[in-house]
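S.K.: Listed here are the chains, written in short residue letters.
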Amino acid sequence: MTQTFPVTEASAPVTSPTPHPPRGPRRRRFGPAVAIPATVVTVLAVAAIAPALLAPGDPLAMEPANAFAAPSLQHWFGTDESGRDVFTRVIHGSRDSLSIGLLATVIGVGLGLLLGAMAGWGSRAVDFGVNRVLEVLFAFPNLLLALLVITILGPGVVTTTLAVGLSTAPGYARMIRSQVRAVKQSGYVEASIVQGRSRWFIIRRHVLPNVAAPLFILATLGVGQAIVWASSLSFLGLGATPPAPEWGAMLSAGRGYMSIAWWITLFPGLFIVLSATATTVLGHSLQQKLKEMS
Amino acid sequence: MENRQPAYPGTTVPGLRTPSAITPSGPRRRLPRPGAPAAAGLLTAAALALTACGGPATGTADPAGEPRRGGTLTYATGDVEPACLDPIVSGNVPQALVSTQYLEPLFHQDEDGEIGPWLAESWKWSSDRLALDITVRDDVSFTDGQQLNAETIQKNVEYIKDPKTLSSTGILAVEKVESVELVDEFTARLHLSEPDNALLEHFAQVWVPIQSQKALARGMEQNCLAPVGTGPFTVHSWTKQREIVLVRNEDYHTPAPTAGHSGPAYLDRIVWRFLPDHANRFSALQAGEVDVIDVIQPQDAIAADADPALDTLIGSRPGHVVNLTFNTRREPFADLRVREALIRSVDVDAALKSIFLGTVDRSDSVLSSITKYNHQQPEVFATDVEKANRLLDEAGWTGRDAAGYRTKNGRRLSATVLQTESVLVPVSVLEQFQASAKAVGFELLISQEETSTFNERRYAWDYDLAPMYYTKNSPAVLNLTHHRDNIPSVIEGGYHANNNGLQGPEAERIDQLLDTGSVTADEQERHDSYVGAQDVLHSQYLNLPIFDQQTRLGFRSDVEGLQLISPLGMPTFYDTWLDRS
Numbered sequence: 000m001t002q003t004f005p006v007t008e009a010s011a012p013v014t015s016p017t018p019h020p021p022r023g024p025r026r027r028r029f030g031p032a033v034a035i036p037a038t039v040v041t042v043l044a045v046a047a048i049a050p051a052l053l054a055p056g057d058p059l060a061m062e063p064a065n066a067f068a069a070p071s072l073q074h075w076f077g078t079d080e081s082g083r084d085v086f087t088r089v090i091h092g093s094r095d096s097l098s099i100g101l102l103a104t105v106i107g108v109g110l111g112l113l114l115g116a117m118a119g120w121g122s123r124a125v126d127f128g129v130n131r132v133l134e135v136l137f138a139f140p141n142l143l144l145a146l147l148v149i150t151i152l153g154p155g156v157v158t159t160t161l162a163v164g165l166s167t168a169p170g171y172a173r174m175i176r177s178q179v180r181a182v183k184q185s186g187y188v189e190a191s192i193v194q195g196r197s198r199w200f201i202i203r204r205h206v207l208p209n210v211a212a213p214l215f216i217l218a219t220l221g222v223g224q225a226i227v228w229a230s231s232l233s234f235l236g237l238g239a240t241p242p243a244p245e246w247g248a249m250l251s252a253g254r255g256y257m258s259i260a261w262w263i264t265l266f267p268g269l270f271i272v273l274s275a276t277a278t279t280v281l282g283h284s285l286q287q288k289l290k291e292m293s
Numbered sequence: 000m001e002n003r004q005p006a007y008p009g010t011t012v013p014g015l016r017t018p019s020a021i022t023p024s025g026p027r028r029r030l031p032r033p034g035a036p037a038a039a040g041l042l043t044a045a046a047l048a049l050t051a052c053g054g055p056a057t058g059t060a061d062p063a064g065e066p067r068r069g070g071t072l073t074y075a076t077g078d079v080e081p082a083c084l085d086p087i088v089s090g091n092v093p094q095a096l097v098s099t100q101y102l103e104p105l106f107h108q109d110e111d112g113e114i115g116p117w118l119a120e121s122w123k124w125s126s127d128r129l130a131l132d133i134t135v136r137d138d139v140s141f142t143d144g145q146q147l148n149a150e151t152i153q154k155n156v157e158y159i160k161d162p163k164t165l166s167s168t169g170i171l172a173v174e175k176v177e178s179v180e181l182v183d184e185f186t187a188r189l190h191l192s193e194p195d196n197a198l199l200e201h202f203a204q205v206w207v208p209i210q211s212q213k214a215l216a217r218g219m220e221q222n223c224l225a226p227v228g229t230g231p232f233t234v235h236s237w238t239k240q241r242e243i244v245l246v247r248n249e250d251y252h253t254p255a256p257t258a259g260h261s262g263p264a265y266l267d268r269i270v271w272r273f274l275p276d277h278a279n280r281f282s283a284l285q286a287g288e289v290d291v292i293d294v295i296q297p298q299d300a301i302a303a304d305a306d307p308a309l310d311t312l313i314g315s316r317p318g319h320v321v322n323l324t325f326n327t328r329r330e331p332f333a334d335l336r337v338r339e340a341l342i343r344s345v346d347v348d349a350a351l352k353s354i355f356l357g358t359v360d361r362s363d364s365v366l367s368s369i370t371k372y373n374h375q376q377p378e379v380f381a382t383d384v385e386k387a388n389r390l391l392d393e394a395g396w397t398g399r400d401a402a403g404y405r406t407k408n409g410r411r412l413s414a415t416v417l418q419t420e421s422v423l424v425p426v427s428v429l430e431q432f433q434a435s436a437k438a439v440g441f442e443l444l445i446s447q448e449e450t451s452t453f454n455e456r457r458y459a460w461d462y463d464l465a466p467m468y469y470t471k472n473s474p475a476v477l478n479l480t481h482h483r484d485n486i487p488s489v490i491e492g493g494y495h496a497n498n499n500g501l502q503g504p505e506a507e508r509i510d511q512l513l514d515t516g517s518v519t520a521d522e523q524e525r526h527d528s529y530v531g532a533q534d535v536l537h538s539q540y541l542n543l544p545i546f547d548q549q550t551r552l553g554f555r556s557d558v559e560g561l562q563l564i565s566p567l568g569m570p571t572f573y574d575t576w577l578d579r580s
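If you're matching them up, the sequences are chains A and B in order.
Per numbering that gives the first Met the number 0, the first sequence runs over residues 0 to 293.
Per numbering that gives the first Met the number 0, the second sequence runs over residues 0 to 580.
Hints were generated in silico from the structure; no laboratory data involved.
Model, not experiment: these values are computed from the prediction.
Worth double-checking, as some hints may not be accurate.
[Said to hold, decoys possible] Selected chain B positions facing chain A (Cβ under 8 angstroms, derived; list incomplete):
id, residue
1, Asp299
2, Ala302
3, Pro377
4, Glu378
5, Ala381
6, Thr382
7, Val384
8, Val426
9, Ser427
The beta carbon of each residue, even a glycine, is placed where N, CA and C say it ideally should be.
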């Protein structure tokens, strides 16, 4: 759609995208589609930051004599093959699982921003070069790319984070590139250029605000995906090292006991689903909101 | 069907504990063991470490009715796919499992460790015990038409000893055989460099089978694809990464002395599939997609025993037990006190009770409970945290760092356990050990590796502790795993059978005992030497014994006549038939 806005720097109305997110009239409050996932994410964040608040026990404390205990008042989620409390482990596991997801997204976004901005703002040659690199990276399924990185760097939490981050970067880069391009060609940017504004000013004032909102939403969606990938890698034994509680690793360890102790796998699995769904729904809701606002 | 007899009647050495896993317990066998074992076996297999011989082992299931001829049995193994179907090349458990169906050895060794004839009719030692005359049956032909004769033995030994064959298990077994002389058409004379008490045992294991000389002449590559033996089945085809198809040998007439019938096998075909994932394999069995699986996990064995459509057959394998092996060639385990401290700090019983659901018996000897002369010493390996702390204090690890670990000269007391997917010892067990070691200020790191990396690091002595085992139907397995002769790699590829690397006066003492056990003509002296060797090995804390290696089968209840054959406890399908229409 076309939108006019107060122009001080240019004499003519310009078309979208907007120079910065509109501050329209306040819409209705967030509905359950935002409230529920937001609550879940908040609880998970608390679990990740201060797990002892929710589960004061030691996630590594073993009690082999009490292995495979079913869920009870004492052990809400039961115990695992070494008698460790599954609830405590799942809660403490939020830190590894969520921080891998979050940090990986930050790495992906950061790298995507860099590559996307280079391609979008740079010369034709730079754009061409970056695009070819992105195409090559796109040719690999993300998880495969992550496996490749781990093969080269070796397993571990840090490399898993890095691997997932690197493998998501191309997606962000492409989105950012197209946003930057659109903004670059807009009239108000041309106007700014004409006014002799510095490149930095234009990026800060016009480009970033336009890119920020969709990027934030995409990243929110990406966190969920990154959590799932990180868990997958840990499931394969490439992420967290034993005895660290990590959802994917717990899932993998408990899988063999599914027939006699379903709780060892169910709860970490549930938390992966819950966290991935919550962040994804939240992302979609925000996306919706943004659309409505614009 | 009901009332199957246990895989093994019992142990053969009086006074030893009978592992419950192999004790018959009524209609249903008890089973058990961890999830990782099979894989573990494989692992080693991959490493080539396994040989076998020894102990006991045959079990027969007692079929429900008249055996019915025909049908295809599908076997899903949790062990890795062999790289070669001829168990002479390398020589590991996955190869032994499948080749038991189509290859046979010269001798049969029963559960009491007694040697009897099989393809060989008789044998005779010279008075100096440096020559052994073996006379083979004169009525046996291989499935390619080649007749079995004295030359067969000669060609087989030459083939094993040829470095190009890349044998590891077989070549160590015939190490003392210098040459083979043809005495007459059916008698060969083996000349030895020194007496070898384990020689007949070596020739009773499927890693030293007798193959058609015509087939061997095709060269290793061809022979790997389709070895030719005298067994009840022949290799029909091998689709790599999918399956091996075995078909019945219609002319079969050399059943083992323990077999339940004579003449050809009942089954038309065996399809040998590879399903490494434990959960998938068990699901396939439950769904009836496969008839028999191995490496059944303890929890699945319990489920199978509760399911009328399924059954289990579990038996110990002979040899060096599944254990954690200390590398004494570097710190911190160069120090005996530190080795003992670690062993004293961990609680093996608790791990077996929880992770293996109490279904596997602990081993307190480096030799399997079904291996001759095994010497169980529970007191030596008992948990004693106080002693562990005292020993570490004595060893000078008296400082403490911020994380609570002991230090000496500013260095943390830390050791790395190698671990691999195809695990001998599940990582959950190591996690428990890690927790108990931490309680005495000992940091245990677990390094999970791919099998190939695991082996590379093992060959390069790059570990502090690693899970190992060695299948062999003889106490002479200790000559391989603990004699200093086997510290250097004696075959190509860097593989070494001794993974402790102990030197010094104690190692010398161990060597003497093992040498005596190997050459003495006196049975009592042989017994005393191997028991004595175990005394020294145990008191040197070179290994933390955990449990016997096992063959763990789960199968559909309409699979009748399944047996584990002595001495290695490998499954045999010769008497097996399908009770279905």
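S.K.: Taking the hints in turn, state whether each one holds.
M.R.: So, going through the hints one by one against the coordinates:
1. Interface hint at aspartate 299/B: satisfied, since its Cβ lies 7 angstroms from the closest Cβ of chain A, which is below the 8 angstroms cut-off.
2. Of the supplied interface hints, the one on alanine 302/B holds, with its beta-carbon coming within about 5 angstroms of a beta-carbon of chain A, less than 8 angstroms.
3. The interface hint given for proline 377/B is violated, since its Cβ lies 18 angstroms from the closest Cβ of chain A, which is over the 8 angstroms cut-off.
4. A cut of 8 angstroms between beta carbons decides the hint on glutamate 378/B: the least distance to chain A is about 21 angstroms, and the hint is violated.
5. Interface hint at alanine 381/B: violated, since its Cβ lies 16 angstroms from the closest Cβ of chain A, which is beyond the 8 angstroms cut-off.
6. Evaluation of the threonine 382/B hint against chain A yields a violated restraint, the C-beta minimum of about 12 angstroms exceeding 8 angstroms.
7. A hinted interface residue such as valine 384/B counts as satisfied when its beta carbon comes closer than 8 angstroms to some beta carbon of chain A; here the least separation is about 14 angstroms, so the hint is violated.
8. At its closest, the beta carbon of valine 426/B sits 5 angstroms from a beta carbon of chain A; the interface hint therefore holds under the 8 angstroms criterion.
9. Restraint check, serine 427/B versus chain A: the minimum CB separation of about 5 angstroms is within 8 angstroms; hint holds.
Hints 3, 4, 5, 6 and 7 from the list above are not met by this structure, while the remaining hints are.
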